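K.L.:
Go by the hints and put chain H onto chain L.
There are 2 protein chains.
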Amino acid sequence: MKLAEVGEFGLIRRIAEKIPAHRSVVLGIGDDAAGILPSAGCITLITSDMLLEGVHFDLSFSDPISLGRKSLAVNLSDLAAMGALPRQFLLSLGLPRSIEVEFIDRFMEGVLATARSYGAILVGGDTCASKSGLVISITALGEQRPERVLKRSAARVGDLVFVTGTLGDAAAGLELLQRGVREGRLVDRQLAPEPRVAAGAALADAGFVHAMIDVSDGLVSDLGHICELSGVGAKVEVELLPLSEEYRRVCGADPYPLALSGGEDYELLFTAAPGQEKNVLALMQRLGLQTSIIGEITDGKGVELFRPDGSPYSPAKSGFDHFG
Amino acid sequence: MKLAEVGEFGLIRRIAEKIPAHRSVVLGIGDDAAGILPSAGCITLITSDMLLEGVHFDLSFSDPISLGRKSLAVNLSDLAAMGALPRQFLLSLGLPRSIEVEFIDRFMEGVLATARSYGAILVGGDTCASKSGLVISITALGEQRPERVLKRSAARVGDLVFVTGTLGDAAAGLELLQRGVREGRLVDRQLAPEPRVAAGAALADAGFVHAMIDVSDGLVSDLGHICELSGVGAKVEVELLPLSEEYRRVCGADPYPLALSGGEDYELLFTAAPGQEKNVLALMQRLGLQTSIIGEITDGKGVELFRPDGSPYSPAKSGFDHFG
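Chains as they are written, first to last, in the UniProt record's numbering: chain L, 1 to 324; chain H, 1 to 324.
Bear in mind the hints are in silico, worked out from the structure with no lab data behind them. As the structure is a prediction and not an experimental result, all values here were calculated from the model. Backbone N, C-alpha and C define an ideal beta-carbon position, used for all residues, glycine too. Take the hints with a grain of salt, since some may be wrong.
What the hints assert, rightly or not - Pairs of lysine-lysine, DSS-like flavour, derived with a Cα cap of 27 Å:
#, chain 1, residue 1, chain 2, residue 2
1, L, LYS18, H, LYS301
2, H, LYS18, L, LYS301
3, L, LYS131, H, LYS131
4, L, LYS131, H, LYS2
5, L, LYS131, L, LYS2
6, H, LYS2, H, LYS131
7, L, LYS2, H, LYS131
Stated by the list, open to error - Simulated DEER-style distance windows between Cβ atoms:
#, chain 1, residue 1, chain 2, residue 2, range
8, H, LEU287, L, ALA4, 36 to 44 Å
9, H, ARG185, L, ALA4, 32 to 40 Å
10, L, GLU17, H, PRO312, 43 to 51 Å
11, L, ASP254, H, GLU102, 36 to 44 Å
12, H, GLY41, L, GLY180, 57 to 65 Å
13, L, GLY158, H, GLU147, 47 to 55 Å
Unchecked claim - Over 10 Å on every C-beta distance to chain H, these chain L residues come out as not near it, computed from the model:
#, residue
14, SER117
15, GLU175
16, GLY231
17, GLY288
18, GLU296
The following block holds chain L by itself, in its conformation from the complex:
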């Protein structure tokens, strides 16, 4: 069935009837705006990410369910990086007139599955025709007590640098997809990343983390944001970078460039005072999330990379600039 047969308001009805009620939503889908209220003592954290066909995803290898999951996941990862719990989201879609309603249904199945997993309620958005491919824009809202919110600007000289999970998987997965591979853990990490929502909130609540960000642009770029906003430097020992077995099998002779600059891993990168490493690692172990110490915060400038023998390491490229 083509979208034109269902119409804009038919599409909105199809979506709206699947949305549960929730106490954080004072006024849901159906009015000019939704009404929300954070829990007592909390502020609302809010973030937006846009995904464009041909830039952020390729429909020749993104299935609609995974695309729906990822579209929301990348927004929830931004909330996780602040230590916030997701509460609501708005979804705006620019849809080619020829798109099949079944594609939208499967896309929404992915969006709403991720929403259920992490406790986010769809409260609004927009739908419109697109003359230029599928356009997805999501705004996600979460909440946290203001004194617990974790910012990029709070790293201190001497802090240890931690990262969850493994690095480079999503970038390696993209390369595999472009070469025709359609399954495996690396491909899954690219197509359906998991936002570290529980870990982000637990780290914020625990109180021993200074600065936090999610690894979306690439480790060097994102750690660089922490350095710039905190007025500090960082050194990273490349042999400490957490690399998966699957990644090591495909990454070639030098495993570090993609792990340092490949984006979209959506892991948490954070700093805490030395002496807190046992607390951090014990907390993350309880959550079942591998966490590694990869370096420390210095009184220098920018991110410096070192080899095991103490000599400087220079990667081929650093970070992802959308217009570079």
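P.N.:
This is chain H only, laid out in the frame that chain L set:
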């Protein structure tokens, strides 16, 4: 200067340095998410609208400043329709790689001028490359006391139907632009609509309005939303539709079809009990905003249109469905 020379982070810095601080913003641009808090006793109202090149705007006749103004204005109009005062907004842009930075600067000049006029602070968003034209997605946040929020679902049988300003101007302006006309009041109404923010909040605070919506899809379509969600009908007398002199000069023999179905006027359409018309009209007169009574709410279904002699009137088309 091309965007590629400035880069993504350079662009964000260019924008961020122009944003003022405000007490409603706990945490502004620069982190993974912004932090906001409504005033005591208020809820947050939130709405998103997407504008796509070739669908919502045509760069051959939209100048960048007006486009910036309109992109935010259509979102603020949704807040106005709830009776909410604007507080913050997020802006996501998909930008063709070849776009001139000067275009973006002028576009932002328009966005931020409208933001200043209505008290909205830019707190975040996203920027990315687009392979298919300019993509604009805005999420606007406002606030109001929950008991004062005006919904589509609160119209009651016997209510009078009011509309601010004049109808059909924006649709007529679009037709003129497509025929090569580049100035005049109708063209201005299409390119740079004014959201009825002060009037929306004043009507909510006054307490005598039942249901409200903004006229974005067209009068019949938007009044139809009120009817559907309130479980009522409405009758409108076409000769009572407020039409501007400029509109009457260009609308041809039958002035009503475009006034009934042309969208984008961004006027407020609302209902109030009979007996309140003096209060409504006095309030709107104090705000300097022409307001007309065009019909009433019935116990029927849908919107019925009548001529002065009491006979039914049938317009050529009703409302704007993006996929119809």
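K.L.:
All hints are to be evaluated individually against the structure, with a verdict given for each.
P.N.:
Tested hints:
This hinted pair checks out: LYS18(L) and LYS301(H) have alpha carbons roughly 26 Å apart, not beyond 27 Å. A distance of roughly 26 Å separates the Cα atoms of LYS18(H) and LYS301(L); the hinted pair therefore holds under the 27 Å criterion. Under the criterion of a C-alpha separation no larger than 27 Å, the hint pairing LYS131(L) with LYS131(H) is consistent with the structure, at around 12 Å. For the proposed pair LYS131(L) and LYS2(H), the alpha carbon gap of about 24 Å is at most 27 Å, so the pair holds.
Pair hint LYS131(L) plus LYS2(L) holds up; C-alpha atoms about 15 Å apart against a cutoff of 27 Å. Restraint check: the Cα-Cα separation between LYS2(H) and LYS131(H) comes to about 15 Å, which is no more than 27 Å; the hinted pair holds. Using a Cα cut-off of 27 Å, the hinted pair LYS2(L) and LYS131(H) holds, with the two alpha carbons roughly 24 Å apart. Between LEU287(H) and ALA4(L) the beta carbons are some 41 Å apart, a value that agrees with the proposed interval 36 to 44 Å.
Between ARG185(H) and ALA4(L), the C-beta spacing of about 34 Å keeps the proposed range 32 to 40 Å intact. Under the hint 43 to 51 Å, the C-beta atoms of GLU17(L) and PRO312(H), about 33 Å apart, miss the expected range. Against the hinted window of 36 to 44 Å, the Cβ-Cβ separation of ASP254(L) and GLU102(H) comes to about 41 Å, which satisfies the hint. For GLY41(H) paired with GLY180(L), a C-beta distance near 58 Å keeps the hint of 57 to 65 Å intact.
At roughly 52 Å, the beta-carbon separation of GLY158(L) and GLU147(H) lies within the given 47 to 55 Å, and the hint holds. At the 10 Å boundary, the C-beta of SER117(L) stays outside the reach of chain H, the nearest C-beta of that chain being 19 Å off. Against chain H, the non-interface label of GLU175(L) holds: every CB pair exceeds 10 Å, the least being about 19 Å. Its beta-carbon lying about 13 Å from the closest one in chain H, GLY231(L) satisfies the requirement of being farther than 10 Å from that chain.
With a closest Cβ-Cβ approach of about 23 Å to chain H, GLY288(L) is found to remain outside the 10 Å limit, as its non-interface label requires. For GLU296(L), the requirement that its beta carbon stay farther than 10 Å from each beta carbon of chain H is met, with the minimum near 22 Å.
Checked against the numbered hints listed earlier, the structure breaks hint 10 alone; every other hint is satisfied.
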